[in-house]
Amino acid sequence: MRSLTLWSSKAPIKFRMPTAENLIPIRLDIEVDGQRYKDAFVWNPDDPDSEVINFAKRTVKDLKLPPTFVTQIVQSVQAQLAEFRSFEGQDMHVKEKIVPLKIDLRVNNTVVRDQFLWDVSNFESDPEEFARTLCKDLNIGDPEVGPAIAVAIREQLYEIATQSVSSLREARAGKKGRRGADTFNRPGNSALDLVKYFGSKGSVIRKRKDWYLYEPIVDILSNEEVGALDAREELNARLKRKLDEKE
Amino acid sequence: MRPSGQEEEEEEEDEDDSLARDLYTIPISSGWFRWDGIHDTERRSLPEFFEGSSFTRNPRVYKDYRDFIINKYREDPSCRLTFTDVRKALVGDVSLLRKLFLFLERWGLINFGAGAAPPAAAAAADGVALPPGEAAGPSVVVEEGAPWGVRVVPPLPQSYAAERKSGGAGAATAASAVGGDEIGCRLPPLTSYSDVFGEWTPRKAPFCGFCGEECSAGQHELMEVMKGGFVVCAKCSKSKVICEEETVQLSDHKDGDVNGAASAWTDAETLLLLEAVLKHGDDWDLIAQHVRTKSKSDCIARLIQLPFGEHMLGSMNGKCDSRTSVIQAYDLKTNQNSITELSKGPIQSVTSTHTDGKENVVDESTEERPLKRRCFLSSLDATDSLMNQVALLSTVAGPHVAAAAADTAVTTLCNENTRARDALIVNEETMNNSFSSNGDQCSGLNVGDQDMMLPQRAECQMDKSFGAAAYRMRAATVTAMGAAAARAKLFAEHEEREMQLLMASIIEAQLRKIQYKLKHFEELEHTMEQEYTLIQQSKESILAEWVNLLRQAFRAGIARLRDHHVFPKPFLNKNCM
Numbered sequence: 007m008r009s010l011t012l013w014s015s016k017a018p019i020k021f022r023m024p025t026a027e028n029l030i031p032i033r034l035d036i037e038v039d040g041q042r043y044k045d046a047f048v049w050n051p052d053d054p055d056s057e058v059i060n061f062a063k064r065t066v067k068d069l070k071l072p073p074t075f076v077t078q079i080v081q082s083v084q085a086q087l088a089e090f091r092s093f094e095g096q097d098m099h100v101k102e103k104i105v106p107l108k109i110d111l112r113v114n115n116t117v118v119r120d121q122f123l124w125d126v127s128n129f130e131s132d133p134e135e136f137a138r139t140l141c142k143d144l145n146i147g148d149p150e151v152g153p154a155i156a157v158a159i160r161e162q163l164y165e166i167a168t169q170s171v172s173s174l175r176e177a178r179a180g181k182k183g184r185r186g187a188d189t190f191n192r193p194g195n196s197a198l199d200l201v202k203y204f205g206s207k208g209s210v211i212r213k214r215k216d217w218y219l220y221e222p223i224v225d226i227l228s229n230e231e232v233g234a235l236d237a238r239e240e241l242n243a244r245l246k247r248k249l250d251e252k253e
Numbered sequence: 000m001r002p003s004g005q006e007e008e009e010e011e012e013d014e015d016d017s018l019a020r021d022l023y024t025i026p027i028s029s030g031w032f033r034w035d036g037i038h039d040t041e042r043r044s045l046p047e048f049f050e051g052s053s054f055t056r057n058p059r060v061y062k063d064y065r066d067f068i069i070n071k072y073r074e075d076p077s078c079r080l081t082f083t084d085v086r087k088a089l090v091g092d093v094s095l096l097r098k099l100f101l102f103l104e105r106w107g108l109i110n111f112g113a114g115a116a117p118p119a120a121a122a123a124a125d126g127v128a129l130p131p132g133e134a135a136g137p138s139v140v141v142e143e144g145a146p147w148g149v150r151v152v153p154p155l156p157q158s159y160a161a162e163r164k165s166g167g168a169g170a171a172t173a174a175s176a177v178g179g180d181e182i183g184c185r186l187p188p189l190t191s192y193s194d195v196f197g198e199w200t201p202r203k204a205p206f207c208g209f210c211g212e213e214c215s216a217g218q219h220e221l222m223e224v225m226k227g228g229f230v231v232c233a234k235c236s237k238s239k240v241i242c243e244e245e246t247v248q249l250s251d252h253k254d255g256d257v258n259g260a261a262s263a264w265t266d267a268e269t270l271l272l273l274e275a276v277l278k279h280g281d282d283w284d285l286i287a288q289h290v291r292t293k294s295k296s297d298c299i300a301r302l303i304q305l306p307f308g309e310h311m312l313g314s315m316n317g318k319c320d321s322r323t324s325v326i327q328a329y330d331l332k333t334n335q336n337s338i339t340e341l342s343k344g345p346i347q348s349v350t351s352t353h354t355d356g357k358e359n360v361v362d363e364s365t366e367e368r369p370l371k372r373r374c375f376l377s378s379l380d381a382t383d384s385l386m387n388q389v390a391l392l393s394t395v396a397g398p399h400v401a402a403a404a405a406d407t408a409v410t411t412l413c414n415e416n417t418r419a420r421d422a423l424i425v426n427e428e429t430m431n432n433s434f435s436s437n438g439d440q441c442s443g444l445n446v447g448d449q450d451m452m453l454p455q456r457a458e459c460q461m462d463k464s465f466g467a468a469a470y471r472m473r474a475a476t477v478t479a480m481g482a483a484a485a486r487a488k489l490f491a492e493h494e495e496r497e498m499q500l501l502m503a504s505i506i507e508a509q510l511r512k513i514q515y516k517l518k519h520f521e522e523l524e525h526t527m528e529q530e531y532t533l534i535q536q537s538k539e540s541i542l543a544e545w546v547n548l549l550r551q552a553f554r555a556g557i558a559r560l561r562d563h564h565v566f567p568k569p570f571l572n573k574n575c576m
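Chain order of the listed sequences is A and B. Sequential numbering of the first sequence, starting at 7, is according to our numbering. Sequential numbering of the second sequence, starting at 0, is according to our numbering.
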């Protein structure tokens with residue numbers, strides 16, 4: 007444990023995505039007049055804000071959406087950028103932490119489920135490249151799958167990064183006893199026990215019986231299945247919205 | 000030395016039966032790989048593991064990862080291993096694992112030759128040598144310039160077999176060496192191979208690596224197999240002296256058995272080539288058409304081999320040389336003769352074993368001696384070939400400098416890959432010895448004797464291991480460059496000293512000039528002063544005269560007021576002052 011504390015005592019750095027490129031994930035789910043637009047992509051926060059409106063206009067034009075979507079898209083992207091910027095400038099505590107990331111997503115007809123370990127403190131990681139390799143190795147033909155996986159990875163990394171910021175903040179404020187301990191422990195639970203695997207007694211070779219847990223599973227759905235799933239999701243979304251309205 | 004671009008890593012999976020041992024093909028550039036160690040290449044490429052900056056990244060973890068991935072691939076070398084297959088079995092950051100995986104893949108430690116044709120892979124797994132013809136057959140696929148398919152070890156040279164623990168392979172070598180006809184290495188289908196050596200026209204008997212003559216069946220017992228599997232006929236194995244042209248021929252012979260024979264250039268073909276070069280310049284397609292019997296790359300290789308080839312190309316590019324092909328053919332012949340003669344020069348006893356044909360050549364060459372001399376004395380004017388230049392440059396640069404350069408070159412080559420080390424290490428000592436011994440001779444020899452030294456040097460460099468000709472050529476090239484650099488540095492230093500000297504003399508001259516000027520000025524000042532005193536004296540005397548005059552006038556009683564006006568003005572002024 008001594009060595010662990012030795013290495014984990016890195017100086018805090020300014021908040022950013024814990025990847026090679028500082029790209030933040032943006033997820034859009036907009037419904038106007040019964041027409042729904044869902045999308046996920048990454049955005050470079052260093053780009054000028056004027057790009058958002060250009061992007062929105064272009065997207066609406068390309069996807070032939072009603073012009074009302076432009077403002078909605080701009081608002082949504084701006085809101086998520088603003089959230090990111092609220093963290094920017096704060097100190098982030100970089101601790102060597104390897105966390106399992108889970109992928110469970112459906113893009114068009116392809117369903118990908120996967121789990122793998124990610125070092126949150128590795129600032130050279132490249133989710134896009136990882137996703138590309140994954141798709142190539144699994145022979146996934148759909149070009150939309152790779153970016154979707156990359157965005158999913160980035161979303162989880164973003165979440166962890168923001169937690170490390172807020173946990174730091176709450177740890178400072180936690181002296182006032184405001185449920186600081188609760189949030190502080192949360193990321194620690196999912197992280198890997200490094201000593202167990204990387205210590206002198208551990209082994210980095212996983213037991214063969216556990217391989218299936220960290221193996222990607224790809225299903226190609228038929229169009230009927232996709233239709234059924236879409237309908238169910240639609241239903242769930244409506245129910246959820248009704249519940250929200252009631253509240 | 001095998002020209003193979005591959006190295007076989009042996010697995011001790013089956014200790015009982017060495018023939019059944021699995022052989023894996025990895026690129027020769029990855030020869031640094033050792034199961035029980037971590038090489039600098041690995042440290043450099045993946046510094047994360049060795050910086051100690053992280054708990055999860057340490058050399059032990061790195062070795063576990065690496066060994067697992069390589070073992071996983073070698074479970075089935077014909078099957079391409081993907082990163083996604085690997086990461087499910089390894090605990091650790093996938094980004095880091097991916098970097099490591101890509102590193103191993105780039106160095107060919109995994110997925111090298113994956114996706115080969117199944118028969119080749121099966122044969123490789125059995126460890127049974129394929130007949131040479133089959134290896135060059137269509138089962139070998141060239142794809143993206145990289146060798147594909149796991150192939151069997153070519154017969155190792157005996158010296159190797161002794162060094163290595165692979166008894167089975169050594170026995171195979173010995174067997175093939177006795178066979179004579181089966182000697183030779185199968186070449187991997189590297190692109191560089193086909194570029195350099197081209198196609199070979201089939202012949203039947205093996206060729207002597209020295210004289211290039213076909214060895215008749217009766218001579219087989221007399222033939223020697225040199226390191227690298229080259230055939231040397233009896234007469235040449237006695238002399239063991241070769242010159243650069245033959246070295247190139249030798250390297251050509253390396254794969255002589257791939258298609259069952261080597262291609263020798265006949266005089267007629269060489270003539271055709273020279274004609275074509277004169278006619279078409281450096282349009283090699285046209286030249287190859289003109290020669291017809293040889294491929295484009297053959298033609299290029301041949302022209303480069305010719306001692307005056309570069310010169311010819313050079314003169315052609317400038318202005319078309321008016322030499323007729325007859326003269327060139329004559330030149331060629333004399334060159335060949337002189338080279339043959341040269342190769343024998345140092346050792347007089349060769350002639351005793353010569354066949355009749357060879358003796359004729361010797362006789363001719365003796366007549367050509369003056370020509371040869373001229374040829375070598377002018378060897379710095381780029382008409383000569385590489386080895387001669389190397390030798391000459393080393394002589395010029397001084398034996399110790401050359402030895403050091405050769406040493407560095409050899410070391411660098413060794414670092415580059417281990418195969419080269421194996422090839423060169425044997426000769427390293429002889430080379431260095433030869434350099435220093437030549438140095439001793441050097442002091443005693445005059446310029447005319449230089450051509451005597453050259454073959455000796457060539458002998459030492461080329462001794463025994465002709466198979467390593469490629470490496471040797473590179474080492475020699477680097478040596479030449481090193482020697483030239485050393486020479487250049489000497490020159491530069493000399494020039495610099497010269498310049499400093501000149502500068503000093505200029506400054507000295509300037510100083511002297513100033514001194515002269517000062518002296519001159521002093522003299523001038525002196526004269527000025529003298530003149531001044533003279534003037535003063537004359538002034539005083541004039542004044543005294545005036546006073547006398549006036550006194551006399553007073554005595555005479557002629558005192559007039561207007562006489563005052565008669566006073567010369569300057570004197571008045573002067574007196575007033």
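Any given hint could turn out to be false.
Derived list of chain A stretches under chain B, where covered just means 3 residues or more per stretch with a C-beta under 8 angstroms from a C-beta of chain B [claimed, not checked]:
no. : segment
1   : 122-131
2   : 208-216
3   : 220-230
The calculated DSBU-like cross-link candidates involving lysine-lysine, where the alpha carbons are at most 35 angstroms apart (straight line), are [claimed, not checked]:
no. : chain 1 : residue 1 : chain 2 : residue 2
4   : B       : 87        : A       : 101
5   : B       : 62        : A       : 215
6   : B       : 512       : B       : 538
7   : A       : 142       : B       : 278
8   : B       : 87        : A       : 207
9   : A       : 20        : A       : 44
10  : A       : 213       : A       : 63
11  : B       : 98        : A       : 20
12  : B       : 512       : A       : 215
13  : B       : 516       : A       : 213
14  : A       : 252       : A       : 101
15  : A       : 101       : A       : 207
16  : A       : 108       : B       : 518
17  : A       : 20        : A       : 70
18  : A       : 101       : A       : 248
19  : A       : 44        : B       : 516
20  : A       : 215       : B       : 71
21  : B       : 98        : A       : 108
22  : B       : 71        : A       : 108
23  : A       : 108       : B       : 516
24  : B       : 538       : A       : 213
25  : B       : 488       : A       : 213
26  : A       : 207       : B       : 516
27  : B       : 62        : A       : 202
28  : A       : 20        : B       : 71
29  : A       : 142       : B       : 98
Just some of the chain A residues that point at chain B, by a computed CB distance under 10 angstroms [said to hold, decoys possible]:
no. : residue
30  : 80
31  : 95
32  : 98
33  : 102
34  : 104
35  : 135
36  : 139
37  : 203
Since the hints were derived computationally from the structure, they do not count as laboratory data. No experiment lies behind these values; they were computed from the predicted model shown. In this text, a Cβ means the ideal position worked out from N, Cα and C, and glycines have one as well.
Hints and how they fare:
Coverage of a stretch by a chain is defined here by at least three residues with a beta carbon nearer than 8 angstroms to that chain's beta carbons; for the segment 122-131 of chain A and chain B the count is 8, and the condition holds. A stretch counts as covered by a chain when three or more of its residues have a beta carbon under 8 angstroms from one of that chain; for the segment 208-216 of chain A and chain B the count is 5, and the coverage holds. Here's how the segment 220-230 of chain A fares: 3 of its residues keep a CB closer than 8 angstroms to some CB of chain B, so the rule of at least three is met and the hint holds. This hinted pair checks out: residue 87 of chain B and residue 101 of chain A have alpha carbons roughly 24 angstroms apart, not beyond 35 angstroms.
For the hint linking residue 62 of chain B to residue 215 of chain A, the alpha-carbon distance of about 22 angstroms falls within 35 angstroms, and the restraint holds. For the hint pairing residue 512 of chain B with residue 538 of chain B, the CA-to-CA distance comes to about 38 angstroms; that exceeds 35 angstroms, so the pair is violated. Of the supplied pair hints, the one linking residue 142 of chain A and residue 278 of chain B is violated, its CA atoms being roughly 54 angstroms apart against a limit of 35 angstroms. Using a Cα cut-off of 35 angstroms, the hinted pair residue 87 of chain B and residue 207 of chain A holds, with the two alpha carbons roughly 21 angstroms apart.
For a cut-off of 35 angstroms, the pair hint linking residue 20 of chain A to residue 44 of chain A stands: about 31 angstroms separates their Cα positions. The suggested pairing of residue 213 of chain A with residue 63 of chain A is violated, with an alpha-carbon distance near 51 angstroms, which exceeds 35 angstroms. In summary, the hint linking residue 98 of chain B to residue 20 of chain A is supported, as the alpha carbons are separated by about 26 angstroms, within the 35 angstroms threshold. A threshold of 35 angstroms between alpha carbons decides the hint, and for residue 512 of chain B with residue 215 of chain A the separation of about 98 angstroms lies outside it, so the pair is violated.
Only pairs whose Cα atoms come within 35 angstroms are accepted, and residue 516 of chain B paired with residue 213 of chain A is rejected, the gap being roughly 98 angstroms. Taken as a hint, the residue 252 of chain A and residue 101 of chain A pair is broken in the structure, with Cα atoms around 43 angstroms apart against an allowance of 35 angstroms. At roughly 22 angstroms between alpha-carbon atoms, residue 101 of chain A and residue 207 of chain A fall within 35 angstroms of each other, so this suggested pair holds. Distance restraint check for residue 108 of chain A and residue 518 of chain B: the Cα-Cα separation of roughly 98 angstroms exceeds the 35 angstroms cut-off, and the hinted pair is therefore not satisfied.
Of the supplied pair hints, the one linking residue 20 of chain A and residue 70 of chain A is violated, its CA atoms being roughly 40 angstroms apart against a limit of 35 angstroms. Distance check on the hinted pair: residue 101 of chain A and residue 248 of chain A sit about 42 angstroms apart at the alpha-carbon level, beyond 35 angstroms; violated. Between residue 44 of chain A and residue 516 of chain B the CA atoms are separated by roughly 96 angstroms; this puts the pair beyond 35 angstroms, and the hint is violated. Taken as a hint, the residue 215 of chain A and residue 71 of chain B pair is honoured in the structure, with Cα atoms around 16 angstroms apart against an allowance of 35 angstroms.
Proximity of residue 98 of chain B to residue 108 of chain A is assessed by CA-CA distance (about 21 angstroms); at most 35 angstroms being required, the pair is judged to hold. Straight-line distance between C-alpha atoms of residue 71 of chain B and residue 108 of chain A comes to about 25 angstroms, which keeps the hinted pair within the 35 angstroms bound. For the hint linking residue 108 of chain A to residue 516 of chain B, the alpha-carbon distance of about 95 angstroms lies beyond 35 angstroms, and the restraint is violated. Distance check on the hinted pair: residue 538 of chain B and residue 213 of chain A sit about 127 angstroms apart at the alpha-carbon level, beyond 35 angstroms; violated.
Taken as a hint, the residue 488 of chain B and residue 213 of chain A pair is broken in the structure, with Cα atoms around 63 angstroms apart against an allowance of 35 angstroms. For a cut-off of 35 angstroms, the pair hint linking residue 207 of chain A to residue 516 of chain B is broken: about 91 angstroms separates their Cα positions. Proximity of residue 62 of chain B to residue 202 of chain A is assessed by CA-CA distance (about 18 angstroms); at most 35 angstroms being required, the pair is judged to hold. Only pairs whose Cα atoms come within 35 angstroms are accepted, and residue 20 of chain A paired with residue 71 of chain B is rejected, the gap being roughly 41 angstroms.
Distance check on the hinted pair: residue 142 of chain A and residue 98 of chain B sit about 16 angstroms apart at the alpha-carbon level, within 35 angstroms; holds. Checking residue 80 of chain A against chain B: minimum C-beta separation of about 33 angstroms lies over 10 angstroms; hint violated. Annotation: residue 95 of chain A was flagged as interfacial toward chain B, and the flag is violated, the nearest CB pair being 26 angstroms apart, outside 10 angstroms. Violation of the interface hint for residue 98 of chain A is found here, the shortest Cβ-Cβ separation to chain B being roughly 17 angstroms, above the 10 angstroms cut-off.
With a least beta-carbon distance of about 6 angstroms to chain B, the hint placing residue 102 of chain A at the interface is held under the 10 angstroms criterion. The beta carbon of residue 104 of chain A is positioned within 10 angstroms of a beta carbon in chain B (closest approach about 6 angstroms), and the interface hint is therefore held. The closest approach between the C-beta of residue 135 of chain A and any C-beta of chain B is roughly 7 angstroms, which is under the 10 angstroms cut-off, so the hint is satisfied. The closest approach between the C-beta of residue 139 of chain A and any C-beta of chain B is roughly 5 angstroms, which is under the 10 angstroms cut-off, so the hint is satisfied.
Checking residue 203 of chain A against chain B by beta carbon gives a least distance of about 5 angstroms; that is within 10 angstroms, so the hint holds.
Hints 6, 7, 10, 12, 13, 14, 16, 17, 18, 19, 23, 24, 25, 26, 28, 30, 31 and 32 from the earlier list are contradicted by this structure; the remaining hints agree with it.
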